[in-house]
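Number of protein chains: 2
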Amino acid sequence: MSHATPDNLVCPQTAHFSAPLELQSGGTLPDWDLVYETHGTLNADASNAILVCHALSGNHHIAGYHHPQDKKPGWWDNMIGVGKPIDTRKFFVVGVNNLGGCHGSTGPSSINPATGKAWGAQFPMVTVIDWTHAQAQLADRLGIRQFAAIIGGSLGGMQALQWSITYPDRLRHCLVIAAAPYLTAQNIAFNDVARQAILTDPDFHDGNYYAFGSTPRRGLRLARMLGHITYLSDDAMGSKFGRVLRHGSFAYHHEVEFEIESYLRYQGDKFAETFDANTYLLMTKALDYFDPAQHAESLAAALGPARASFLVISFTTDWRFAPERSREIVRALLDNGRDVSYAEIESTHGHDAFLMPHAHYHALIRAYMDRINL
Amino acid sequence: MSHATPDNLVCPQTAHFSAPLELQSGGTLPDWDLVYETHGTLNADASNAILVCHALSGNHHIAGYHHPQDKKPGWWDNMIGVGKPIDTRKFFVVGVNNLGGCHGSTGPSSINPATGKAWGAQFPMVTVIDWTHAQAQLADRLGIRQFAAIIGGSLGGMQALQWSITYPDRLRHCLVIAAAPYLTAQNIAFNDVARQAILTDPDFHDGNYYAFGSTPRRGLRLARMLGHITYLSDDAMGSKFGRVLRHGSFAYHHEVEFEIESYLRYQGDKFAETFDANTYLLMTKALDYFDPAQHAESLAAALGPARASFLVISFTTDWRFAPERSREIVRALLDNGRDVSYAEIESTHGHDAFLMPHAHYHALIRAYMDRINL
Numbered sequence: 001m002s003h004a005t006p007d008n009l010v011c012p013q014t015a016h017f018s019a020p021l022e023l024q025s026g027g028t029l030p031d032w033d034l035v036y037e038t039h040g041t042l043n044a045d046a047s048n049a050i051l052v053c054h055a056l057s058g059n060h061h062i063a064g065y066h067h068p069q070d071k072k073p074g075w076w077d078n079m080i081g082v083g084k085p086i087d088t089r090k091f092f093v094v095g096v097n098n099l100g101g102c103h104g105s106t107g108p109s110s111i112n113p114a115t116g117k118a119w120g121a122q123f124p125m126v127t128v129i130d131w132t133h134a135q136a137q138l139a140d141r142l143g144i145r146q147f148a149a150i151i152g153g154s155l156g157g158m159q160a161l162q163w164s165i166t167y168p169d170r171l172r173h174c175l176v177i178a179a180a181p182y183l184t185a186q187n188i189a190f191n192d193v194a195r196q197a198i199l200t201d202p203d204f205h206d207g208n209y210y211a212f213g214s215t216p217r218r219g220l221r222l223a224r225m226l227g228h229i230t231y232l233s234d235d236a237m238g239s240k241f242g243r244v245l246r247h248g249s250f251a252y253h254h255e256v257e258f259e260i261e262s263y264l265r266y267q268g269d270k271f272a273e274t275f276d277a278n279t280y281l282l283m284t285k286a287l288d289y290f291d292p293a294q295h296a297e298s299l300a301a302a303l304g305p306a307r308a309s310f311l312v313i314s315f316t317t318d319w320r321f322a323p324e325r326s327r328e329i330v331r332a333l334l335d336n337g338r339d340v341s342y343a344e345i346e347s348t349h350g351h352d353a354f355l356m357p358h359a360h361y362h363a364l365i366r367a368y369m370d371r372i373n374l
Numbered sequence: 375m376s377h378a379t380p381d382n383l384v385c386p387q388t389a390h391f392s393a394p395l396e397l398q399s400g401g402t403l404p405d406w407d408l409v410y411e412t413h414g415t416l417n418a419d420a421s422n423a424i425l426v427c428h429a430l431s432g433n434h435h436i437a438g439y440h441h442p443q444d445k446k447p448g449w450w451d452n453m454i455g456v457g458k459p460i461d462t463r464k465f466f467v468v469g470v471n472n473l474g475g476c477h478g479s480t481g482p483s484s485i486n487p488a489t490g491k492a493w494g495a496q497f498p499m500v501t502v503i504d505w506t507h508a509q510a511q512l513a514d515r516l517g518i519r520q521f522a523a524i525i526g527g528s529l530g531g532m533q534a535l536q537w538s539i540t541y542p543d544r545l546r547h548c549l550v551i552a553a554a555p556y557l558t559a560q561n562i563a564f565n566d567v568a569r570q571a572i573l574t575d576p577d578f579h580d581g582n583y584y585a586f587g588s589t590p591r592r593g594l595r596l597a598r599m600l601g602h603i604t605y606l607s608d609d610a611m612g613s614k615f616g617r618v619l620r621h622g623s624f625a626y627h628h629e630v631e632f633e634i635e636s637y638l639r640y641q642g643d644k645f646a647e648t649f650d651a652n653t654y655l656l657m658t659k660a661l662d663y664f665d666p667a668q669h670a671e672s673l674a675a676a677l678g679p680a681r682a683s684f685l686v687i688s689f690t691t692d693w694r695f696a697p698e699r700s701r702e703i704v705r706a707l708l709d710n711g712r713d714v715s716y717a718e719i720e721s722t723h724g725h726d727a728f729l730m731p732h733a734h735y736h737a738l739i740r741a742y743m744d745r746i747n748l
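Residue numbers (our numbering), protein chains in the order written: chain A, 1 to 374; chain D, 375 to 748.
What the hints contain is simulated information worked out from the structure, not anything from laboratory work. Being a predicted model, the structure only gives us computed values, none of them experimental. Idealized CB from N, CA, C, for every residue including glycine. Some clues are possibly wrong.
Computed footprint of chain D on chain A, listed as stretches where at least three residues anywhere in the stretch have a Cβ under 8 Å from a Cβ of chain D [unchecked claim]:
1) 174 to 188
2) 224 to 231
3) 254 to 263
4) 269 to 276
Put together the whole structure using the sequences plus the hints.
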């Protein structure tokens with residue numbers, strides 16, 4: 001059953017940009033689209049705009065429903081809406097699909113105007129910095145000179161952080177949730193296994209699988225199964241699945257024996273049906289490349305330009321981006337004398353906690369958002 | 375250069391068993407071989423025998439060299455030999471390749487006498503309990519009624535533990551290193567991703583790839599890459615590789631950017647050339663199935679029959695089988711009034727620490743082995 005009502009229907013829109021976008025990789029997008037959706041109303045002086053940045057497999061559909069028959073709302077519907085922590089009666093909230101995505105913004109499955117065929121492997125690498133530039137152009141288009149806040153979790157949190165460096169005067173508040181200032185070797189290693197699963201799938205065809213009418217389903221499925229393990233905590237998996245058997249006793253075969261196997265394979269299958277493999281590759285590369293301090297003396301030096309106030313949040317059982325990673329960000333911001341609030345939320349849900357309607361977490365966001373002056 | 379000398383050359387031997395072995399899965403091996411090697415000399419009353427059980431990808435080659443030109447010795451050469459913690463001047467040390475293996479013991483790549491072809495997918499599932507039964511027959515063959523000690527790390531530690539339950543009067547000491555009393559949902563999940571990588575590789579041919587002259591190299595490579603991440607600690611990966619780039623700056627492509635990617639892919643490639651995929655599947659399933667307490671009231675109840683003295687060792691940064699998993703074993707043994715020593719070794723090397731020549735760890739094993747009465 002859908003919980004869609006006339007009040008929570010939202011219609012995605014597409015902004016077309018015809019000026020070429022120069023990318024950090026050296027590539028160029030000759031012209032490009034961003035698909036986005038908005039919730040609430042932009043006030044007269046455009047001081048109440050919020051940008052919500054999505055994570056690896058997210059998109060612009062942050063809340064509400066696109067169609068009356070949709071079974072599931074946008075991915076952060078528990079956070080954004082009337083009376084919710086990010087209250088759309090106060091704020092004008094923008095969700096935008098990143099460049100390279102597969103939900104409407106220009107990406108590898110889009111048509112390359114130069115060839116009339118899908119970009120495929122020819123689509124250039126995109127980085128978090130590129131995304132901030134593209135999003136800034138969308139903000140210009142929407143008449144938003146300065147966001148009241150830019151908010152994101154995981155890869156979205158990295159985008160919010162990057163905004164505070166790239167466009168310090170275009171946001172007053174920056175909410176960085178379950179993020180990290182860069183990926184560790186272990187983080188990169190997990191990403192690389194996921195990518196190798198896709199790249200070595202015979203149906204990948206060097207990224208041009210669209211032309212073959214195929215899709216590297218096996219590789220994408222493995223990538224997602226692996227990803228899921230890193231999103232959940234060992235404890236959460238233990239309490240949800242433990243060693244519960246599918247059929248009560250061992251069958252000694254390679255079909256599902258344990259419920260956890262069933263869950264993971266299902267998640268993998270579902271994802272492989274709906275997500276674009278080239279986009280998955282790009283998003284994981286963007287994660288790897290993210291490192292504001294790469295050419296700076298330190299993270300603190302890299303964050304020197306930032307002017308926003310910050311709320312940084314981590315979750316105790318998140319082992320993908322553990323609390324210590326958030327504390328690195330906090331320390332670097334404090335070294336710059338920035339206004340920083342930091343909370344480490346007790347949660348059993350691992351990295352996925354940032355998507356959950358955890359009471360303390362939501363209360364914290366609500367209180368922070370309530371205090372924002374327009 | 376090889377460090378092989380006339381004194382450290384060892385010759386593997388094969389024991390053939392012609393009586394069928396009934397397996398826990400309900401399957402039967404009509405006749406079967408175990409390949410093994412021995413170090414030191416069995417004393418007159420056969421009271422100085424040690425059984426060393428191997429882990430997932432290990433084998434019978436525990437120490438020394440098989441050929442004068444071998445570059446690398448057996449996998450536990452730092453632990454076993456003259457003057458080493460398991461001193462072959464005192465002990466007669468036996469290494470044996472598990473059934474289902476791919477290094478000489480009967481396994482999926484062996485010829486099925488019923489068909490004259492490789493067993494392939496027809497090879498029955500084998501469990502840790504099956505291994506103890508097979509190893510006990512080898513002990514009979516070697517004239518060993520009771521082992522002075524049975525020793526193993528990881529999956530090998532589980533075998534040692536199982537021996538203490540299945541054949542309580544056939545071992546006086548049991549050394550359980552970097553092990554766990556059962557796999558958690560997260561452990562099983564990692565195994566399942568690895569297995570799915572192999573099972574869905576088009577070159578797997580339902581396990582009968584031998585007949586096709588192919589091997590599911592891509593799947594096995596992914597499985598090993600993933601395995602490697604879980605063997606190393608986040609810290610160890612960080613200090614060894616960090617974010618060090620292969621070519622000094624980003625190239626924005628899918629070839630190697632970071633050294634960690636190079637390392638993992640190399641490990642995966644090397645393994646995929648030498649290990650049998652069906653064996654890999656079987657070994658991970660044996661891990662999943664291992665659960666002495668499955669049909670008991672508790673782990674303590676399951677360990678009720680054990681009579682050995684125990685040394686249990688864990689490593690602080692091992693997140694595959696964390697110290698807490700070893701403490702579960704220790705508590706259950708103490709509940710039975712068993713003689714247990716437990717050490718939690720400070721190490722940065724994660725699960726792999728059990729293979730490393732860590733001074734404290736080796737001193738501990740040495741002291742324990744020295745105290746064993748013959």
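Here's how the hints hold up against the structure:
Look at the region 174 to 188 of chain A against chain D: 6 of its residues bring a Cβ nearer than 8 Å to a Cβ of that chain, three or more, so the hint holds. For the region 224 to 231 of chain A, the proposed coverage by chain D is satisfied: 4 residues have a C-beta within less than 8 Å of a C-beta in that chain, meeting the threshold of three. Residues of the region 254 to 263 of chain A with a Cβ under 8 Å from some Cβ of chain D number 5, which satisfies the need for three, so the listed coverage holds. Evaluation of the coverage hint for the region 269 to 276 of chain A: breached, as 0 residues show C-beta separations to chain D shorter than 8 Å, against a requirement of three.
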